[in-house]
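Just need the whole structure built from these sequences, with the hints factored in.
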Amino acid sequence: MFRSHILVCGGTGCTSGNSRKIFEALVERIRKEGLDKEVHVTQTGCFGLCALGPIMIVYPEGAFYSQVKVEDVDEIIDEHIIKGRIVTRLLYKETVGDDGNIKALNDTNFYKKQHRVALRNCGVINPEKIEEYIAYDGYEALGKVLTEMTPQDVIDVISKSGLRGRGGAGFPTGRKWQFAKNSVGEKKYVCCNADEGDPGAFMDRSILEGDPHAVIEAMAIAAYAIGADQGYIYVRAEYPIAVKRLSIAIKQAREYGLLGKDIFGTGFNFDLDIRLGAGAFVCGEETALMTSIEGHRGEPRPRPPFPAVKGLFGKPTILNNVETYANVPQIILKGADWFASMGTEKSRGTKVFALGGKIHNTGLVEIPMGTTMREIIYDIGGGCPNGKKFKAAQTGGPSGGCIPAHLIDTPIDYDNLIAIGSMMGSGGLIVMDEDNCMVDIAKFFLEFTVDESCGKCTACRIGTKRLYEMLCKVTDGTATMEDLDKMEELCYYIKENSLCGLGQTAPNPVLSTLHYFRDEYEAHVRDKRCPAGVCKKLLRYQIVADKCKGCTLCARNCPAGAITGKVKEPHVIDPDKCIKCGVCMEKCRFGAVIKA
Amino acid sequence: MKSLEELKALREKMRSQIDNRSVAGADETVIKVGMATCGIAAGARPVLDALLDEADKRQLHSVSISQTGCIGLCRLEPIVEVFKDGQKYTYVLMTPEKARRMIAEHVVNGNPVQEFLIGEN
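Heads up: the sequence lines are chains A and B, in that order. Position 4, counted from 1, in the first sequence is what our numbering calls 4; the numbers after and before it change by one each time, with no gaps. Position 114, counted from 1, in the second sequence is what our numbering calls 1114; the numbers after and before it change by one each time, with no gaps.
Please note that the accuracy of each hint is not assured.
Stated by the list, open to error - List of simulated lysine to aspartate or glutamate pairs, EDC-like, C-alpha gap at most 20 Å:
no., chain 1, residue 1, chain 2, residue 2
1, B, Lys1002, A, Glu255
2, B, Lys1057, A, Asp36
3, A, Lys129, B, Glu1012
4, A, Lys144, B, Glu1081
5, A, Lys83, B, Glu1081
6, B, Lys1013, A, Glu128
7, B, Lys1002, A, Glu148
8, B, Lys1002, A, Glu140
9, B, Lys1008, A, Glu488
10, B, Lys1002, A, Asp271
11, A, Lys251, B, Glu1006
12, A, Lys144, B, Glu1006
13, A, Lys261, B, Glu1005
14, A, Lys113, A, Glu128
15, A, Lys473, A, Glu488
16, B, Lys1084, A, Asp483
17, A, Lys32, A, Asp74
18, A, Lys103, B, Glu1012
19, B, Lys1008, A, Glu140
20, B, Lys1002, A, Asp440
21, B, Lys1002, A, Glu131
22, A, Lys21, A, Asp74
23, B, Lys1013, A, Asp74
24, B, Lys1013, A, Glu148
25, A, Lys486, A, Glu434
26, A, Lys388, A, Asp337
27, B, Lys1008, A, Glu131
Calculated from the structure, these hints are not laboratory results.
So this is what it looks like as structure tokens:
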């Protein structure tokens, strides 16, 4: 028994903040003090509050230390571990109550409204140690399924729970499994889509990094349900920590006989392999993903036949997203009713969102479906930094759309998001404030799809490119009002004539911004003005003569030599030379430089 | 691993590894050892080790053992505070042997060891 546990976040965010070194320093110091029998240091998955990383928690006090540096390790050991005095200077200030005592983490604004199902083990267990997963009821669901349930029972429970695909489209998981079970075939496959490509989404990555066994266990359960004996996890090669932890997890599961032949002595066989994706966005589309696993160039193919009938290597296949799988063992253990009690009528359970952009608490949050955007952005996320006004939230990545401020009270579920012109997507949620230009945002996402279109369908390959060029005209101030109408027409053309989800949804960011922020488009076109002051071609920096003291600071810092003027006299910017870098505005101490 | 029993056995074995990896719940017994300079000088460390060892031997899972700072009564160190059933018991002048007896009689059987408690000294 250990008297204290130190959990250090080993997610990608904190790792990039040097958490590995902190972990090593802790282990080294604990060993030197001879405390390794009573204090346990563990590297876990993501805690979610990435904005304040590197993060560590010391139990049993529950002291949540944020933004820890390697140099802080000695103080934490000397004070907290040896003398029992919490290092208040490093505590996440939300966890310190008015009376100076530590509040439970679940009482802080960031965690209060969260409900962790898919992320339940992230930040709790060591993902590289199967025994810890087992200590937290791991593989019990698989045992229960194999010894007490028929494959049809399993599918019935999943169907009844109302679980829908967390990859974005929201197809009912139970129904998908039923189709695959009903398909006749000797050989069937179970696949996991871990090719998370949406800009700003990192929940699948965090689950694989923090709780890889949950996915492995769920895939074995799915295999039993549909009658498969082989699975593949298709994961991006850009996720090195996830790939490493997944490989370790598979190896450990095999050593314990939880993968392989005759699992739990029931005669059920299942094994799993990893396939690395080379980073093509289109390979997140199910048919392209399977084509890629087969060893071909990742291009989609028409459906039907659906994968449940004719999938990987022409055999019946199910393909689910990482987060979907992470829910499955919990549903088996706690029951369909427990899961269905969370969320809304048509969207049960919880959803993980990756909060990013102009928001205080950047990170990973898991909330019951039906939580409003306002709760996520203000209560959990802490609102926009620097007192800026919230303008819109982008969900669903390049396939989704923008949700404007006046719809912030919409309860989030699959159907509501579709109804307001966006979509759930994998759960990236990018917050934008008044300094973001919506045309520029649409352009950003479209540039992404132009790059990532596989090129198979003309509408997508050339259509997105032309659409991008039209957006460039808008941001350059050379577009006409007719161009806006043409853009809209092209959007629908691309949607209707593309084979796969990539092309069918690529115009969504343009359509939704055109719909909700048409005034911004019109300001660019008609007034040659970018209201947010982002589009450089439409931007002019000016010096207000009354405010300028003639300190020469701007002129000395201007990299283009565009500012002239005598000492103690108002300066002037030459618009022909100005490269609009904004340095003058940053440097001016008198607020004399303005965007016009 | 070929049976559910084996999985269960492994889970039980692992439980002592994850004890104390959460904030103690209301139904848990919390044991705190004063480990400031005074406590350490008076021999709090062997007391703490004995408590951990005893809890491990007896596979006690609803017990949280940790250290705390100076309790203030330095002349009676090592001091061990036990929070059980909504009550606080302060054991003073502890030794490893006394600590083991306290676990057996108080934590396991629910009978506070009166002679070690502060009021009796």
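Against the structure, the hints come out as follows:
no.	hint	in the structure
1	B:Lys1002 to A:Glu255	holds, 12 Å
2	B:Lys1057 to A:Asp36	holds, 18 Å
3	A:Lys129 to B:Glu1012	holds, 16 Å
4	A:Lys144 to B:Glu1081	violated, 42 Å
5	A:Lys83 to B:Glu1081	holds, 15 Å
6	B:Lys1013 to A:Glu128	holds, 18 Å
7	B:Lys1002 to A:Glu148	holds, 15 Å
8	B:Lys1002 to A:Glu140	holds, 13 Å
9	B:Lys1008 to A:Glu488	violated, 60 Å
10	B:Lys1002 to A:Asp271	holds, 16 Å
11	A:Lys251 to B:Glu1006	holds, 19 Å
12	A:Lys144 to B:Glu1006	holds, 13 Å
13	A:Lys261 to B:Glu1005	holds, 18 Å
14	A:Lys113 to A:Glu128	violated, 29 Å
15	A:Lys473 to A:Glu488	holds, 14 Å
16	B:Lys1084 to A:Asp483	violated, 75 Å
17	A:Lys32 to A:Asp74	holds, 12 Å
18	A:Lys103 to B:Glu1012	violated, 30 Å
19	B:Lys1008 to A:Glu140	holds, 8 Å
20	B:Lys1002 to A:Asp440	violated, 58 Å
21	B:Lys1002 to A:Glu131	holds, 16 Å
22	A:Lys21 to A:Asp74	holds, 13 Å
23	B:Lys1013 to A:Asp74	violated, 32 Å
24	B:Lys1013 to A:Glu148	violated, 24 Å
25	A:Lys486 to A:Glu434	violated, 27 Å
26	A:Lys388 to A:Asp337	violated, 42 Å
27	B:Lys1008 to A:Glu131	holds, 11 Å
Hints 4, 9, 14, 16, 18, 20, 23, 24, 25 and 26, counting from the list given before, are not met by this structure.
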